[in-house]
Amino acid sequence: MSSRERILGRVRRALADVPADVPSDDSPIERGYLRAHGDSGVEETTDLLAENLADYRAIVHRCTLADLPATIAGMLAARGAKSVLVPPGLDREWLSAADAEQVADRAESTPHELDQVDSVVTACAVAVAETGTIVLDGSPDQGRRRITLVPDHHICVVRVPEQVVSSVPQALEHLDPARPLTWISGPSATSDIELDRVEGVHGPRTLEVVLVG
Amino acid sequence: MSGTYLGMPAFPKAAHGAVHDSTLRGNLRHATHTIRAKRAKAVAEVSDWAELREAGKRIKDHTLRHLDRYLVRLEESVTAAGGTVHWAADADEANRIVTDLVKATGESEVVKVKSMATQEIGLNEALEAEGIRAYETDLAELIVQLGKDRPSHILVPAIHRNRGEIRDIFTHEMGEWGRPAPEGLTDTPAELAEAARLHLREKFLRAKVGVSGANFMVAETGTLVVVESEGNGRMCLTLPETLISVVGIEKIVPTWRDLEVFLQTLPRSSTAERMNPYTSTWTGTTDDDGPRTFHLVLLDNGRTDTLADEVGRQALRCIRCSACLNVCPVYERAGGHAYGSVYPGPIGAILSPQLRGVTSEIDASLPYASSLCGACYEVCPVAIDIPEVLVHLRERVVEGGEVTAQGNKVVLKPAKGHAAERAAMRAARWAFSRPGALRTGQRLASRTRRLHPRSLPGPGRAWSGTRDLPALPAEPFRDWWQRTHGGRDGAK
Numbered sequence: 001m002s003s004r005e006r007i008l009g010r011v012r013r014a015l016a017d018v019p020a021d022v023p024s025d026d027s028p029i030e031r032g033y034l035r036a037h038g039d040s041g042v043e044e045t046t047d048l049l050a051e052n053l054a055d056y057r058a059i060v061h062r063c064t065l066a067d068l069p070a071t072i073a074g075m076l077a078a079r080g081a082k083s084v085l086v087p088p089g090l091d092r093e094w095l096s097a098a099d100a101e102q103v104a105d106r107a108e109s110t111p112h113e114l115d116q117v118d119s120v121v122t123a124c125a126v127a128v129a130e131t132g133t134i135v136l137d138g139s140p141d142q143g144r145r146r147i148t149l150v151p152d153h154h155i156c157v158v159r160v161p162e163q164v165v166s167s168v169p170q171a172l173e174h175l176d177p178a179r180p181l182t183w184i185s186g187p188s189a190t191s192d193i194e195l196d197r198v199e200g201v202h203g204p205r206t207l208e209v210v211l212v213g
Numbered sequence: 001m002s003g004t005y006l007g008m009p010a011f012p013k014a015a016h017g018a019v020h021d022s023t024l025r026g027n028l029r030h031a032t033h034t035i036r037a038k039r040a041k042a043v044a045e046v047s048d049w050a051e052l053r054e055a056g057k058r059i060k061d062h063t064l065r066h067l068d069r070y071l072v073r074l075e076e077s078v079t080a081a082g083g084t085v086h087w088a089a090d091a092d093e094a095n096r097i098v099t100d101l102v103k104a105t106g107e108s109e110v111v112k113v114k115s116m117a118t119q120e121i122g123l124n125e126a127l128e129a130e131g132i133r134a135y136e137t138d139l140a141e142l143i144v145q146l147g148k149d150r151p152s153h154i155l156v157p158a159i160h161r162n163r164g165e166i167r168d169i170f171t172h173e174m175g176e177w178g179r180p181a182p183e184g185l186t187d188t189p190a191e192l193a194e195a196a197r198l199h200l201r202e203k204f205l206r207a208k209v210g211v212s213g214a215n216f217m218v219a220e221t222g223t224l225v226v227v228e229s230e231g232n233g234r235m236c237l238t239l240p241e242t243l244i245s246v247v248g249i250e251k252i253v254p255t256w257r258d259l260e261v262f263l264q265t266l267p268r269s270s271t272a273e274r275m276n277p278y279t280s281t282w283t284g285t286t287d288d289d290g291p292r293t294f295h296l297v298l299l300d301n302g303r304t305d306t307l308a309d310e311v312g313r314q315a316l317r318c319i320r321c322s323a324c325l326n327v328c329p330v331y332e333r334a335g336g337h338a339y340g341s342v343y344p345g346p347i348g349a350i351l352s353p354q355l356r357g358v359t360s361e362i363d364a365s366l367p368y369a370s371s372l373c374g375a376c377y378e379v380c381p382v383a384i385d386i387p388e389v390l391v392h393l394r395e396r397v398v399e400g401g402e403v404t405a406q407g408n409k410v411v412l413k414p415a416k417g418h419a420a421e422r423a424a425m426r427a428a429r430w431a432f433s434r435p436g437a438l439r440t441g442q443r444l445a446s447r448t449r450r451l452h453p454r455s456l457p458g459p460g461r462a463w464s465g466t467r468d469l470p471a472l473p474a475e476p477f478r479d480w481w482q483r484t485h486g487g488r489d490g491a492k
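Line order of the protein sequences matches chains H and V.
Under the UniProt record's numbering, think of the first position of the first sequence as 1, with each following residue one higher.
Under the UniProt record's numbering, think of the first position of the second sequence as 1, with each following residue one higher.
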């Protein structure tokens, strides 16, 4: 007997006491919880997103679409970034004012090569106000998962209001599980030493989020 | 479970050493009190916490009740998404599968995401025996691995170490495993974290094989979820060419939507954050992004035996948040090592004896490693009634009875050393069913109370060795009631 059959057989025997009439639909679960906490408008939701991002030590900027190239150029210059990773589908206009050398996100580049790049600029799939989270789904304007991981500085652009949701339940509705997803709430952090929070362990030490709109 | 813990003394013996270690107690007290207060604040922010908790409990119960169906569905969806599913009935089989998979890649080292399941099966030791080096990449796990130590907490395994101890471990041990610690390393957390970053980065960038567990697996879509903070998880999950995930069969949720409950309750219960810094989800493999090969090893190792217990099966709802550890007065004083298992604290006290059976000395002692104060049940985000299961397991230890072991029904003998307890229970049953005898006994006890010893003689000595005997009142309650109320309602 294979282990598969053995385990499934054990599960069935273990559940012999369970009455047969228990509904077996996928989700017969009563869901008494809220879809979102509070019923706020666009302005309040965006403020909450900015506040929660900042609370977890992300640096938050707000600007109009027209000001975005200058804003990004300013952030890269402020860090002295010489090179910046660019996902294939990123709007080229966003980097039109930046001096840093643009490095393409290529499948064949090695992790060591990525480690030499100073910054990365991406869009996002959705941002969650209640938790201060941005979610990347690997779309062409966000690139492969590793480009937002290895470089030490990540700039993420969120389009307001269309990409902002209030809550985790709303975010899941917007996301496609078939894509690899990365949920990011603030920069990399650890609390493993006496529960003192330290930012920046293995992921980017600096996360800058630009709310555009 | 892991050979690491074989030969561990029973809980009372192990705890005895720990409670007299003042550094350990200081470290533990600081950590548990800090996180306890933070968690309460994070939970208070969410107005529908009770409803989320109830939904989490129901989703998990529903899944467990149809586990065979959801396992098959998960297998189908992972396979359809380009992954390969393996089934492991026990630790040996899981270790063999992983070892063979690593060998097939031709690699002799792997990077690991912190995972309770791989600790439970002793994977690192099994790989080591086959000449494969496993690098733990979570900061706390790194501290434990370098210190040749054992984890003492589910979430923060090095909670029993303070910064000075960590500095010493890094300074002395990092060079043995790769890049040495920087010269003149101080004990500030930022510098220690930086040393770990440099030490591990060279490993991440060259690693070809990653090994992980998972927090959740979605049957409907075949998606796996890993929740973490440092980015070491993302490194291991996306940079290597091959990813092997070892996951307990109870970690399934039926639908994508079900994650909306646990992604709210898990971070707030565990790290006391609105959301942990990083959550990764992946479904099979993706072209040109992340590992090209993905293997999922579904682990039983005692879980189906636990499922067979009508009272005890609720332990399988556990999402490993560790909130119960941080509120437990026994854990706070005894520390995680005393539990002799990778699952310490209240959840460990009910999970380990069920996964392993209660036949060993340590497992038979674990249901007693509790004051039954109920704080663990209060904080549990999936409402596991830990005290109920503890009492149930105590009964099993003392009385024996029918249990399931490795899929077979067996009759467990009553544990040795509980004869006095059984005799006391029989005597109590006799006395409580004879009011006259009880009254006489109580009066006699009250009148002789000055003569009572402070500890019990004979077989009772073990019981009173860790407890103060309760003082008897000068007068039995029933006599006091008779005297002050005259035996009539309202009459004084």
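Be careful, since some hints might not be right.
Said to hold, decoys possible - If you want the ones that stay clear, here's a sample from chain H, every Cβ over 10 Å from chain V, calculated:
hint: 1; residue: Arg10
hint: 2; residue: Ile29
hint: 3; residue: Ala54
hint: 4; residue: Leu65
hint: 5; residue: Pro69
hint: 6; residue: Gly74
hint: 7; residue: Ala78
hint: 8; residue: His112
hint: 9; residue: Asp118
hint: 10; residue: Gln163
hint: 11; residue: Ile184
hint: 12; residue: Asp196
What the hints assert, rightly or not - Pairs of lysine to aspartate or glutamate, EDC-like flavour, derived with a Cα cap of 20 Å:
hint: 13; chain 1: V; residue 1: Lys41; chain 2: H; residue 2: Asp196
hint: 14; chain 1: V; residue 1: Lys57; chain 2: H; residue 2: Glu51
hint: 15; chain 1: V; residue 1: Lys208; chain 2: H; residue 2: Glu113
hint: 16; chain 1: V; residue 1: Lys409; chain 2: V; residue 2: Glu421
hint: 17; chain 1: V; residue 1: Lys203; chain 2: H; residue 2: Asp115
hint: 18; chain 1: V; residue 1: Lys416; chain 2: V; residue 2: Glu378
hint: 19; chain 1: V; residue 1: Lys57; chain 2: V; residue 2: Glu399
hint: 20; chain 1: V; residue 1: Lys38; chain 2: H; residue 2: Glu113
hint: 21; chain 1: V; residue 1: Lys208; chain 2: H; residue 2: Glu108
hint: 22; chain 1: V; residue 1: Lys208; chain 2: V; residue 2: Asp149
hint: 23; chain 1: V; residue 1: Lys41; chain 2: H; residue 2: Asp115
hint: 24; chain 1: V; residue 1: Lys208; chain 2: H; residue 2: Asp115
hint: 25; chain 1: V; residue 1: Lys38; chain 2: H; residue 2: Glu194
hint: 26; chain 1: V; residue 1: Lys38; chain 2: H; residue 2: Glu51
hint: 27; chain 1: V; residue 1: Lys41; chain 2: V; residue 2: Glu399
hint: 28; chain 1: V; residue 1: Lys203; chain 2: H; residue 2: Asp17
hint: 29; chain 1: V; residue 1: Lys148; chain 2: V; residue 2: Glu128
hint: 30; chain 1: V; residue 1: Lys203; chain 2: H; residue 2: Asp152
hint: 31; chain 1: V; residue 1: Lys409; chain 2: H; residue 2: Asp17
hint: 32; chain 1: V; residue 1: Lys203; chain 2: V; residue 2: Glu128
hint: 33; chain 1: V; residue 1: Lys38; chain 2: H; residue 2: Glu108
hint: 34; chain 1: V; residue 1: Lys41; chain 2: H; residue 2: Glu108
hint: 35; chain 1: V; residue 1: Lys38; chain 2: H; residue 2: Asp17
hint: 36; chain 1: V; residue 1: Lys208; chain 2: V; residue 2: Glu310
Said to hold, decoys possible - Estimated spans, in silico, between C-beta atoms of each pair:
hint: 37; chain 1: V; residue 1: His20; chain 2: H; residue 2: Ala77; range: 55 to 65 Å
hint: 38; chain 1: V; residue 1: Trp177; chain 2: H; residue 2: Thr110; range: 18 to 28 Å
hint: 39; chain 1: V; residue 1: Leu205; chain 2: H; residue 2: Arg35; range: 37 to 47 Å
hint: 40; chain 1: H; residue 1: Gln116; chain 2: V; residue 2: Gly131; range: 52 to 62 Å
In case anyone wonders, no lab produced these hints; they're calculated from the structure.
Where is the CB? At the ideal position from N, CA and C, for every residue including glycine.
Consistency of the hints with the structure:
1. Arg10: 4 Å, violated
2. Ile29: Incorrect as stated: the minimum Cβ-Cβ distance to chain V is 5 Å, not above 10 Å.
3. Ala54: Holds: least Cβ distance 13 Å, greater than 10 Å.
4. Leu65: 28 Å, holds
5. Pro69: 28 Å, holds
6. Gly74: Non-interface label on Gly74 of chain H holds, nearest chain V Cβ at 25 Å vs cutoff 10 Å.
7. Ala78: Check passes; 22 Å lies beyond 10 Å.
8. His112: Answer for His112 of chain H: violated, closest chain V Cβ roughly 5 Å.
9. Asp118: 16 Å, holds
10. Gln163: For Gln163 of chain H, whose nearest Cβ neighbour in chain V is about 17 Å away, the distance exceeds 10 Å, so it holds.
11. Ile184: 6 Å, violated
12. Asp196: 4 Å, violated
13. V:Lys41 x H:Asp196: Distance of about 17 Å is within 20 Å: holds.
14. V:Lys57 x H:Glu51: 32 Å, violated
15. V:Lys208 x H:Glu113: 16 Å, holds
16. V:Lys409 x V:Glu421: Measuring from Cα to Cα gives roughly 26 Å; hence the hint is violated.
17. V:Lys203 x H:Asp115: 13 Å, holds
18. V:Lys416 x V:Glu378: 33 Å, violated
19. V:Lys57 x V:Glu399: Not satisfied, since the Cα-Cα distance of roughly 30 Å exceeds 20 Å.
20. V:Lys38 x H:Glu113: 40 Å, violated
21. V:Lys208 x H:Glu108: Answer holds: Lys208 of chain V to Glu108 of chain H is near 15 Å, not above 20 Å.
22. V:Lys208 x V:Asp149: 27 Å, violated
23. V:Lys41 x H:Asp115: 38 Å, violated
24. V:Lys208 x H:Asp115: Answer holds: Lys208 of chain V to Asp115 of chain H is near 17 Å, not above 20 Å.
25. V:Lys38 x H:Glu194: Judged against 20 Å, a Cα distance of about 14 Å means the pair holds.
26. V:Lys38 x H:Glu51: Holds, at roughly 19 Å.
27. V:Lys41 x V:Glu399: The hint is violated at about 42 Å.
28. V:Lys203 x H:Asp17: 49 Å, violated
29. V:Lys148 x V:Glu128: 14 Å, holds
30. V:Lys203 x H:Asp152: Measuring from Cα to Cα gives roughly 17 Å; hence the hint holds.
31. V:Lys409 x H:Asp17: 14 Å, holds
32. V:Lys203 x V:Glu128: 17 Å, holds
33. V:Lys38 x H:Glu108: This hinted pair is violated, its Cα atoms lying about 44 Å apart.
34. V:Lys41 x H:Glu108: Measuring from Cα to Cα gives roughly 46 Å; hence the hint is violated.
35. V:Lys38 x H:Asp17: It is violated: about 41 Å lies between the C-alpha atoms, which goes past 20 Å.
36. V:Lys208 x V:Glu310: Outside the cut-off at roughly 43 Å; violated.
37. V:His20 x H:Ala77: 55 to 65 Å: At 58 Å between Cβs, range holds.
38. V:Trp177 x H:Thr110: 18 to 28 Å: The hinted range 18 to 28 Å holds for Trp177 of chain V and Thr110 of chain H, with Cβ atoms some 23 Å apart.
39. V:Leu205 x H:Arg35: 37 to 47 Å: 42 Å, holds
40. H:Gln116 x V:Gly131: 52 to 62 Å: Between Gln116 of chain H and Gly131 of chain V, where Cβ atoms are some 33 Å apart, the hint is violated.
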